[in-house]
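Q: Heads up: the sequence lines are chains F and U, in that order. Counting from -11, one number per residue, gives the positions in the first sequence under the numbering used here. Counting from 208, one number per residue, gives the positions in the second sequence under the numbering used here.
Read the hints as simulated data drawn from the structure, not as lab findings. Backbone N, C-alpha and C define an ideal beta-carbon position, used for all residues, glycine too. Check before you lean on any hint, since a few could be wrong.
List of simulated lysine-lysine pairs, DSS-like, C-alpha gap at most 27 Å [to be verified]:
| no. | chain 1 | residue 1 | chain 2 | residue 2 |
| --- | --- | --- | --- | --- |
| 1 | F | K131 | U | K553 |
| 2 | U | K553 | F | K129 |
| 3 | U | K455 | F | K287 |
| 4 | U | K372 | F | K162 |
| 5 | U | K372 | U | K357 |
| 6 | U | K455 | F | K162 |
| 7 | F | K177 | U | K553 |
| 8 | U | K455 | F | K263 |
| 9 | U | K374 | F | K263 |
| 10 | U | K374 | F | K162 |
| 11 | F | K211 | F | K162 |
| 12 | F | K129 | F | K61 |
| 13 | F | K88 | U | K553 |
Some, not all, of what chain U presents toward chain F, calculated at C-beta under 7 Å [stated by the list, open to error]:
| no. | residue |
| --- | --- |
| 14 | R416 |
| 15 | R417 |
| 16 | V419 |
| 17 | T421 |
| 18 | E427 |
| 19 | S547 |
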Amino acid sequence: MTGQKNSSGIRFGIAFKLGVILATFGVLASGLTGYYSYTAGRDLLVKTAERDLLTSTHVVGRRLSIALGAVAKDALLLAAIPVTARIAVAPDDPSAAPRKTTLADDFSALLSVHPEYFQVRLISAGNNGMELVRVERDQSKLKRIVGADLQEKGHFPYVFQALRLASGHTYLSKITINHEWGAHSGLDKPTLQVATPVQTAVGRMRGLVVINIDLNGLFELLKADVPGDFRVFLTNEWGDFLVHPDASQTFGFDSGRRILVQDTFASVSEIIEGKTDSVVINAGASDRQPGESVTAFVKLAFGDANARRFVILGLSQPLQSVLHETRNLGINTLQMVLGFSILAILLSAIVSRAMTGPLNMMVQAANRFSDDHVTIALPLERKDELGQLARSLNDMQAQIKTHLSELYESKRDVDHLARHDALTGLANRLMFHDRLEHAIANSQRSGKKVALIYIDLDGFKEINDSGGHALGDKVLTAVSAQLKKSVREIDTVARLGGDEFIILIGAIDNPDQVGLIAQKLLEGFRVPMNIDGRSLPVGISIGISVFPRDGANATELLDKADLAMYRSKKQGGNTYHFYSADMTADASVR
Amino acid sequence: MRLIGATPVLLAVLALSLGAAAPAFAKETLRVLTWPGYADSDLVSIFEKQFDVSVEVSFVSSDDVLWQKMNANGGKDFDVFAANTAEMTRYIDHGLAQPLDVSKIPNTSRQLPRFRDLKSIPGIARDGKLYAIPYTYSEMGLIYDRKQFKVPPTSMAAMWDPRYKGKVLAYNGSNHNFSIAALLLGSKNPFQIDKRDFKPIVDRLIALRRNVLTFYSLPEESIELFRENSAALMFANYGTQQVEQLRKTGADIGYVIPEEGALAWLDCWALSRGARNKPLAEQWINFTLEKDVSNALTKRQGLANTVEAAKSSDDSGRLIWLQPVEDFNLRTALWDRIISGDRAEKF
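Work out the full structure: start from the sequences and follow the hints.
A: Right under this line is the structure:
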């Protein structure tokens, strides 16, 4: 019962707690792992996207350089034609006119092959940069400009800068809006000029060949290789937008307001200030930027390397595709985390059960043991702490059992001692009284009679005196055995002390039966006793009282039996007497 | 939080210094339309605390945007705005600006003399009423290389000097170039060129084209061109801003206001016709003329203020405040042809 109370007093058992702790750890561990692998995976994806984008930007940049290099080759080719130099040396000579026509045809041929070229010109080094041969695109046609429509271009950087170059070198102008009147298709369009000097045999720079490029046309070509949802940016070295998905954001400086890349993408200023050659801007880096995207900007050397001029090319990739992958990653991670969490919960349930099963078994064992001293099976064979605990518990149980049985034994001894005579093993006075009371009570119910046979040894004092106490004790022991042998098993033989014995005969119908017993007792002592090889004559005197005839209670019966015995003793022993009333009278006389 | 303790004291001081004016502005909102750098947020918050009002600042990046915003709702969207003298005329013409009371803007008494003489500044007064208070300006002087000029140039004519052919940098802008050429040809009002007078001015500008190295557009571009080409002389369209930038690069340069005078733009504060609280708007103008506020403009933006004389220019030079020109489109069309390289006989 106690055990039951104990176990019901536990609200959350160790199995539950252990399970919860293990499950929590499991879920936490898988959750954290999932979270970190998600973040790491996301970062990795974004980083990869950033790196790819940067690579793409470099590739586009290289293509731009290659494209510009091709233009430069065209310019160099035109400058190297002998007729070009001849025109430049003597522009006003009559022979120059047909040469100019030839060169104009060459220019036209080039323009027709390259739709991204606006204009090809030969410009004089003298005469304030007078144009000598000029062919330009006008809508779909090619048009040669002649006479008074030719203009002075000496104040444009592409003229004075190209004239400073050595032969075989090219000048790349800044990218601007072309406001030069007369460049029909190119008027008010983003453009740049590629120019190279024309050298005569003497070595003087006499002119230059200039090719005007349509920037947008050039970028259309470059954009063909870039995925459709990518956005392309180009800025000059101060950050002014030259190419922008929103055309109205370009060439702000041309209309008096600056629209700078660093105002939208602050970190591009690091390129502008020369601190780095490329930056990658992650989503949200600019709050002004619509939608989330990754944008890479790279610095591109532009024109003559010595001039340290550059442009900044930018590619922007919408993050949606990257984020979509991230979302998938997130869902996968979540599924994995959930799966592992369930697994962790199951495992922890199993583990906690495996752990607490033996514990419960031992609790039950302890309970049963404390209740009923019953030992039940314990997980003794386990090789772990639980096995050790079980073995300890088992040892403890065994020890307790041993102690208990010892305790019972000594208690039995004590009980025996309290109710038996130590020397003879017969019942003592205490036990005799118990039995007598018991027999009287029985007799009153059954109507049968109870008799007391009081026995006193004759001549015991002499034996004791002559043979010593040891012999006396042996005699007493032998007498006891003789007495027990002479009565039924159910009759009680007791030693009242010294050499006095008494026998309780219960449930008799006729007191005469007791006389027969007394005679049988006397018969037994007729021959001397053989003790230690000595023949010792031991006689007995017997007095008998019968309930209810002679007394109403134990004390009276005993007194009456004593009186009757005294009568036998008085007559010389070895005889018996039933109590009779005259004995009481005698006794009162005594 | 620390300010809580200081606020009552501050308010008390203000109440004493401003009389009953301060409490009257409680919970008002002042709407300012101006240019970047003219109303920095830290200065605005000082004003807000002083007058216990909130200030909404809108920025514009060009004269056109300014005009659009002011014109959108008859000026009702803003209380105070900043425009240059050449632009003010059309705001007054269209009734978008309203006269202001100089006596309500006591800090005008701290302004340099040339800004106190409001009659000398064209475009800001009409019918005896004042419509704008000068705030910041930039004049277009001449930057010269001290090594190539033994004596500093005294006139814009130096740009035409054949000794400096290919060493001169001019600005790629029609308006100012026409005005300069007109000035050099002795025009009394370079902003109003008579149709008949255009031919000599065009010739003069073609001559300029043939003498210069090139024309620049952006200040950074001018600095780069000046240094890379060892230029001798440059028309400083961006004024002291270019001077500062060039000096930062270590160039040994001088800066002069030529004797015929330098063109200068002058941005002024004006009251919108739709101003809700005129006294508060005037307090704003007064606030921007505080020494610290005006100095901040100079320190942060490199722009000259009207309270302290600029270090890089001489105060004595004659400044010709920009005015609307007679025909902007004509000047532009002619200039486009000039810079494109058309020869004189084509005109």
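Q: Please go over all the hints and tell whether each is borne out by the structure.
A: A quick look at each hint next to the structure:
no. : hint               : verdict
1   : K131(F) to K553(U) : holds, 20 Å
2   : K553(U) to K129(F) : holds, 25 Å
3   : K455(U) to K287(F) : holds, 25 Å
4   : K372(U) to K162(F) : holds, 23 Å
5   : K372(U) to K357(U) : holds, 17 Å
6   : K455(U) to K162(F) : holds, 24 Å
7   : K177(F) to K553(U) : holds, 24 Å
8   : K455(U) to K263(F) : holds, 19 Å
9   : K374(U) to K263(F) : violated, 32 Å
10  : K374(U) to K162(F) : holds, 20 Å
11  : K211(F) to K162(F) : holds, 21 Å
12  : K129(F) to K61(F)  : holds, 24 Å
13  : K88(F) to K553(U)  : holds, 22 Å
14  : R416               : holds, 5 Å
15  : R417               : holds, 5 Å
16  : V419               : holds, 6 Å
17  : T421               : holds, 5 Å
18  : E427               : holds, 5 Å
19  : S547               : holds, 4 Å
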